[in-house]
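Novice: What follows is each chain in one-letter form.
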Amino acid sequence: MNFKLKIWRQPNQKTAGEFHDYAASNIPAEASFLEMLDIVNEGLAEGNEDPIAFDSDCREGICGMCSLVINGIPHGPGKAKTTCQLYMRRFQDGDTIWIEPFRAAPFPVVKDLVVDRSAFDRIIESGGYITARTGSAPEANSVPIGKPIADLAMEAAACIGCGACVAACPNSSAMLFVGAKVSHLGLLPQGQPERKSRAHNMVRAMDELGFGNCTNHYECEAVCPAEINRTFISRLNREYRKAAVREAVAVTVDE
Amino acid sequence: MALATVPPTRVKRFSANPFIAFYQSSIGKKIIVAVSGLYLIFFVTGHLLGNLEIYLGQDHLNAYANLLQQLGPILWAERIILLSAVVVHIVATIQLTIENQAAKPKKYAVSKPQSSTLASRTMIYTGLLVICFVVYHLLQFTLMWTNPEYRNLHDELGRHDVYHMVILGFRQPLISLFYAAAIFFLATHLSHGFESVTQTLGINNRRIGRFISNGGRWLSWLIFAGYVSIPITILLGLIK
Chain A
6 MNFKLKIWRQ
16 PNQKTAGEFH
26 DYAASNIPAE
36 ASFLEMLDIV
46 NEGLAEGNED
56 PIAFDSDCRE
66 GICGMCSLVI
76 NGIPHGPGKA
86 KTTCQLYMRR
96 FQDGDTIWIE
106 PFRAAPFPVV
116 KDLVVDRSAF
126 DRIIESGGYI
136 TARTGSAPEA
146 NSVPIGKPIA
156 DLAMEAAACI
166 GCGACVAACP
176 NSSAMLFVGA
186 KVSHLGLLPQ
196 GQPERKSRAH
206 NMVRAMDELG
216 FGNCTNHYEC
226 EAVCPAEINR
236 TFISRLNREY
246 RKAAVREAVA
256 VTVDE
Chain B
227 MALATVPPTR
237 VKRFSANPFI
247 AFYQSSIGKK
257 IIVAVSGLYL
267 IFFVTGHLLG
277 NLEIYLGQDH
287 LNAYANLLQQ
297 LGPILWAERI
307 ILLSAVVVHI
317 VATIQLTIEN
327 QAAKPKKYAV
337 SKPQSSTLAS
347 RTMIYTGLLV
357 ICFVVYHLLQ
367 FTLMWTNPEY
377 RNLHDELGRH
387 DVYHMVILGF
397 RQPLISLFYA
407 AAIFFLATHL
417 SHGFESVTQT
427 LGINNRRIGR
437 FISNGGRWLS
447 WLIFAGYVSI
457 PITILLGLIK
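Top line first, the protein sequences correspond to chains A and B.
Position one of the first sequence corresponds to residue 6 (my numbering), numbered consecutively onward.
Position one of the second sequence corresponds to residue 227 (my numbering), numbered consecutively onward.
It should be emphasised that the hints constitute simulated quantities derived from the structure, not laboratory data.
Here the structure is a predicted model, which means the values were calculated and not measured.
Any given hint might turn out to be false.
[As the list claims (entries may be wrong)] What the simulated footprint calls covered on chain B by chain A, stretch by stretch (three residues with Cβ under 8 Å from a Cβ of chain A suffice, anywhere in the stretch; the number is not a length):
id : segment
1  : 322–332
2  : 410–422
3  : 429–439
4  : 444–457
Where a beta carbon is used, it is the ideal one built from N, C-alpha and C, also for glycine.
Next up, chain B with everything else stripped away, as it sits in the complex (with noise of 0.2 Å):
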């Protein structure tokens, strides 16, 4: 054919600084985000059990809150990792989605997934949502911004009263209805994300496939599950 093409351009160069070239290649910043996003899904999980403590009464909620209080630099050297997952996180997936849009600049007329889903496919949509909902759930329970009330909230052993302030919180409909949704995009996100992990991993093969697909997913639910109980319970008065 006479017709001729300009021949391929490389659009990247890599760093001779292994450290970067890694960071720079698909598959390094990839294995970033699986390994941040593997210890986000371990602070969920833990985070979970530490609020499924309120059916066990106001006591144990805010013992464990107050345990945790006491850490002092462990807490704190957490609070750093936690952020730098959740930054390093953000900021890798947000490259790596404007590198996938710049390889399809020309979208099919007719599109028909295959195997995609549609938590596949909004994995960055649903993990914006979720990050715009964990700035207002620090605003609302951990600095208590959005309500100051809830630090003179104490218990009979001058304890901060956790128990009471979730309470007061999951009774407003519109918070616990925003809460539900928030951890509704979680789930789907984590839906996808756990798969992925073990793929991007290399962990994933034949064996283990399905299992981990699906165990995945029976788990993001789970996770749904137990955190929307909370306001769940408590709009049925069932904690007082």
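This is chain A alone, in the form it adopts within the complex (with noise of 0.2 Å):
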């Protein structure tokens, strides 16, 4: 399979950067988007240019670190997967595809398509996190936790953090993924005792650090490889409204 590519560079943060045409020719049909970007590397590599910088780790579609808007949707065409998962058979021959990084003032580009996602690992440390007993694990059946209820959370934890979400947003809100881990954390009982300043506190670095503010158009749950439910940011929102409450009526959230 031939392709038109129209590929974002940009040397480094601070320098503007610009489209670039490229063509991948003789990319075989199951060759995944990354891979089809290998290709186009190897090339670029032995021509002595410099080739495009991209995200990837596992290529397996579970640990978040790809991203790419392909096409104007982040991770490319389809649902509920990761750019390593999208295959080269879904596009036409002699398509024109256009890849960009994901765009968000909280995620600067690193280098062409490498965007810098820390953001994230800021909101999770102002909240996402258990306190958890040292030493060994206790009995499993001694916390019991209903099947609902662990399905809903194991749900939420689905999340990968890979960005997506921010991406997609028109107003680059960060609410599903500060749902799903509110959501998770906060319906287990493991996450008690940081449940009531979770909400509170992750909302506020969230805001803090730049992410816009939810509108409701839901193009963060459309494009969501983990298919994270947009209810878990009415969840949230009514987790940071009892945060709230509780912090206005001067009973400490950092209980």
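Got two chains here, separate frames each, mind docking them using the hints?
Specialist: Shown next as structure tokens:
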């Protein structure tokens, strides 16, 4: 298969970028999107050109490292998959494919298609953890959790933190990501000690880092590789509302 | 990779005062928008029900308008609450929009919306168009600055003749067209607004989600039909 690629090239954060045209020739239909870029890069390296920088790690859809906005959609066309799980057979031979980095003020471009998503780490540091007892693990059945709760928490825990939600959101809102984290930890007994402060602190961190405000478009849900449901945003709104009331009536939220 | 980025800078600092901090937060501001929006939805619905009394005849509508005028301090309390809701709703949404634009400084060369709608993407514009209409609407029917002759309309009982004022107003096709366009923008705004209120207040869930979003859309277009039916029946000469 042959493709015309329009790829965003940007030397570093400080320098302005622009689209460059590349030709991807003789690409096997079973190649993944990242493998297609590898093939293009091999050609660039042979011609002593700077290869296109892009993020990837596990290449099996679970690590959340690969990114890219392909023809206007984070992780490209199709539901519930990351860019590494997108195969070239999904495209037509001769297609023009636009490849851009995730765009959001809190995700600055490092180089070409690589963006710095450490803002997510700052959000996690502010509340995305539990106080765990060190030492041997407790007996599994000593902490009973109802099946529906366990399932719901597991559904939220499926978030791989790739940032596609922020990339897809016209406002660069991180509500789906934060909603997933607050829900997955807040639903389980292990997450109760910090539950009161978690939503409060993570929302404040998200706002401080310059993520935008959710306007309920649900573009995030549509592109999420883990299919995180929009109702986790509703749950986050609820948790934050309770935390804010608690703070206003002078009950410390850090208890 | 040898390249480094400037670590994300904090673009916002929160006040130590919990009330100010609540307003500064994204969700806090949105909750205020949702609550004021919900109040405005109730007003729009109540106002429509009042307006529909035109179909019951001159006496009914004028009696209803007269009753509202007789409320005195209650009417003024309602007007002050309504005005505050409008001001808060507009100020907060403009602030949110400015923050949202700052969070997406660079737009995509190719954009392919997956689930947002024209209504959801144009909330700020439909909202601002509606408020422009509301100003004209007040100048026309409440303050009667644009049409001072309305002040001299009285029925046999000496009450202000709202019934004939409305008929005179909507007999002009351009005024009716402008009115219908404004109500169209209002309905578009509400078709996204209803569902947004439940989501922001955290009462949306999987069981009621579809019902709320579809119900909200139905209600919005019912409101549209209700309001726009009045100029249409007047232009068709069914109400004289």
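Novice: What hints, given by number in increasing order, does this structure fail?
Specialist: Structure breaks hint 4 only.
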